[in-house]
Every structure is written in structure tokens, then in C-alpha cells.
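**Student:** Listed below, chain by chain, are the residues.
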Amino acid sequence: MGCSLATSLVDLIKKIKRSHDPEFLFIEPSEMVVTQELQDVAAMGHRDVRYQVGPLITLVDAPRFPFMWAERQQLIIGQISGADAVALSRTDKLEDSSPEEIRNVLRPYRNGIDLLSVHDSDSLEQMLMNVPEFSAP
Amino acid sequence: MRLICVSGIKGSGKTTLIKAMVRKAAALDKSSAVIVNESGKESYEDAFIDDLKVPVQYLRGG
Numbered sequence: 001m002g003c004s005l006a007t008s009l010v011d012l013i014k015k016i017k018r019s020h021d022p023e024f025l026f027i028e029p030s031e032m033v034v035t036q037e038l039q040d041v042a043a044m045g046h047r048d049v050r051y052q053v054g055p056l057i058t059l060v061d062a063p064r065f066p067f068m069w070a071e072r073q074q075l076i077i078g079q080i081s082g083a084d085a086v087a088l089s090r091t092d093k094l095e096d097s098s099p100e101e102i103r104n105v106l107r108p109y110r111n112g113i114d115l116l117s118v119h120d121s122d123s124l125e126q127m128l129m130n131v132p133e134f135s136a137p
Numbered sequence: 138m139r140l141i142c143v144s145g146i147k148g149s150g151k152t153t154l155i156k157a158m159v160r161k162a163a164a165l166d167k168s169s170a171v172i173v174n175e176s177g178k179e180s181y182e183d184a185f186i187d188d189l190k191v192p193v194q195y196l197r198g199g
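Keeping their order, the protein sequence lines are chains V and R. So that you can map any letter, position 88 of the first sequence is 88 in our numbering, and since no number is skipped, the others follow by simple counting. If you want our numbering, it's the 1-based position in the second sequence plus 137.
Read the hints as simulated data drawn from the structure, not as lab findings. Don't take every hint at face value.
[Stated by the list, open to error] Over 12 Å on every C-beta distance to chain V, these chain R residues come out as not near it, computed from the model:
id, residue
1, Ala164
2, Glu175
3, Asp183
4, Asp188
[Stated by the list, open to error] Across the chosen pairs, the derived CB separations fall in these ranges:
id, chain 1, residue 1, chain 2, residue 2, range
5, R, Lys190, V, Met129, 33 to 43 Å
6, V, Lys93, R, Ser176, 16 to 26 Å
7, R, Ala163, V, Tyr51, 12 to 22 Å
8, V, Ser81, R, Glu175, 21 to 31 Å
9, R, Asp188, V, Glu101, 34 to 44 Å
10, V, Tyr51, R, Asp166, 18 to 28 Å
11, V, Gln39, R, Glu175, 19 to 29 Å
12, V, Asn111, R, Glu182, 19 to 29 Å
13, V, Gln126, R, Asp166, 17 to 27 Å
14, V, Glu101, R, Arg197, 32 to 42 Å
15, R, Lys190, V, Glu101, 38 to 48 Å
16, V, Gly2, R, Asp166, 31 to 41 Å
17, R, Arg197, V, Val105, 19 to 29 Å
18, R, Asp166, V, Gln74, 38 to 48 Å
The structure presented is a predicted model; accordingly, all values stated were derived computationally and were not measured. Using N, Cα and C, we set each Cβ at its ideal position, and we do this for glycine too.
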């Protein structure tokens, strides 16, 4: 993420805070953004407006993992490093490898990787529990 | 305001997860807004987002 893009994102965060002040602001960056960049943006915005940060969630597309790991290893490492929660997504579409095989590849960089499938409501609910307000009784 | 980011490659389920969180927030009577990179713009142009009156801002280039 370039400097001007980071500034644009910070400006949008501040704009939404001032105009709507929602309880949650969800950010979906482009696929090339790594977690450290998001942490930097969140810190920049903090100078002017107050908000809580996190969780920073990274999804690793399980069916395409072998290809992506071969082609974009540094990007995946950058996205899972420092994330508050990491999940293998679309695990219901896995054919050539198992979630455990992918976890083993990623273990040097990240422990504790969840599984996420939209067809498994339990896995979705577990992801949602990473948000403190969603897990409160 | 709590800032929640969902990263991952295209097609990894970011929009699906964010929409699930927006639904969960709405069920708890909590408000949401979304910032999405421009290539994901169309994914949020649907009735569900409109009905909940969720502000969606687009980030050009990012």
C-alpha cells in the first residue's frame, strides 16, 4: 500500500467516524495489502479520531493455497503475520490437500489457524467470536 | 467505533465474512459501515446492505 493510498484510507476512516460514527467499521482492502500496512493505517488515524482496532482477520483461500503459496508466498506470510485471527476459508471446496497439510506449511509463520466454511455455521460463528461485542453474554 | 479489517486474496471470502458480521451487528442492534477497495464495489450493491442503511465507502486503488 503506497503512502497516498494509506492516506486516502485514513481520510475515509476519519470521514466515516465523523459523519456516521458506527459501532463497527469493516474494512476490505485489496488482496495485495498486508497486515502491517493495516496496523500502520490504524495508528495514523488514531492521531485525530478515537476508535478501537481489531480484530485484524486474514482469510487464506484453502482450495487455491498450493498455487498461491507457490506464486505469492511473501504476500500470504505478510497477511497472516500479526493478524489477530487467521482462518482457512472455503475448506468445503478442498480437494487436493487437507486443512492440516496447509496448517503444517503455515505453522512456522502462524500457530492457531481456524477453519471457515460458509456451509458450516459453527465455523462462521467461531470466527464472529473474535469480535468482543459478538462474544459478550 | 471498532475498526475490523478482513484481508485475503480475491475470492477468499472477505465479503462473505464481512456481510455475516454486518448481519450479526444488526441482530444486536449495532450500526455498521464498510470501506471496500474499488474492485469489490459491486459485492456490496445489494438489497441487504441497502435495507440496513449501511454506509459503504469505496477506496480507489486499494
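**Student:** For Gln126 (chain V) and Asp166 (chain R), compare the CB-CB distance with the range 17 to 27 Å and indicate the outcome.
**Tutor:** Roughly 23 Å apart at Cβ, these two residues keep to the hinted range, so it holds.
**Student:** Was Asp188 (chain R) rightly flagged as not at the interface, with every chain V Cβ beyond 12 Å?
**Tutor:** Per Cβ check, Asp188 (chain R) is outside 12 Å of chain V; nearest 16 Å; holds.
**Student:** Taking the Cβ atom of Lys93 (chain V) and the Cβ atom of Ser176 (chain R), is their distance within the range 16 to 26 Å?
**Tutor:** Given range 16 to 26 Å: holds, Cβ gap about 22 Å.
**Student:** Looking only at beta-carbon atoms, does the pair Ser81 (chain V), Glu175 (chain R) fall within the given range of 21 to 31 Å?
**Tutor:** Cβ of Ser81 (chain V) to Cβ of Glu175 (chain R): about 26 Å, so the range 21 to 31 Å holds.
**Student:** Are Tyr51 (chain V) and Asp166 (chain R) spaced within 18 to 28 Å by their CB atoms?
**Tutor:** Holds, since Tyr51 (chain V) and Asp166 (chain R) (Cβ atoms, about 20 Å apart) stay within the stated range.
**Student:** Does the Cβ-Cβ separation between Asp166 (chain R) and Gln74 (chain V) fall within 38 to 48 Å?
**Tutor:** 42 Å, holds
**Student:** Minimum C-beta separation from Ala164 (chain R) to chain V exceeding 12 Å: can you confirm that?
**Tutor:** 10 Å, violated
**Student:** At the C-beta level, are Glu101 (chain V) and Arg197 (chain R) separated by a distance inside 32 to 42 Å?
**Tutor:** 38 Å, holds
**Student:** Look at the Cβ atoms of Gly2 (chain V) and Asp166 (chain R) and judge whether their distance stays inside 31 to 41 Å.
**Tutor:** Holds, at about 38 Å.
**Student:** Looking at Glu175 (chain R) again, its CB stays over 12 Å from all of chain V?
**Tutor:** The claim breaks: Glu175 (chain R) does not keep its Cβ more than 12 Å from every Cβ of chain V (closest is about 8 Å).
**Student:** Do Ala163 (chain R) and Tyr51 (chain V) keep their Cβ atoms within the hinted range of 12 to 22 Å?
**Tutor:** Holds - the Cβ-Cβ distance for Ala163 (chain R) and Tyr51 (chain V), about 20 Å, lies within 12 to 22 Å.
**Student:** Range first: 38 to 48 Å. Now tell me if the beta carbons of Lys190 (chain R) and Glu101 (chain V) are that far apart.
**Tutor:** 43 Å, holds
Hint check: violations occur at hints 1, 2, 5, 12 and 17; the rest are consistent with the structure.
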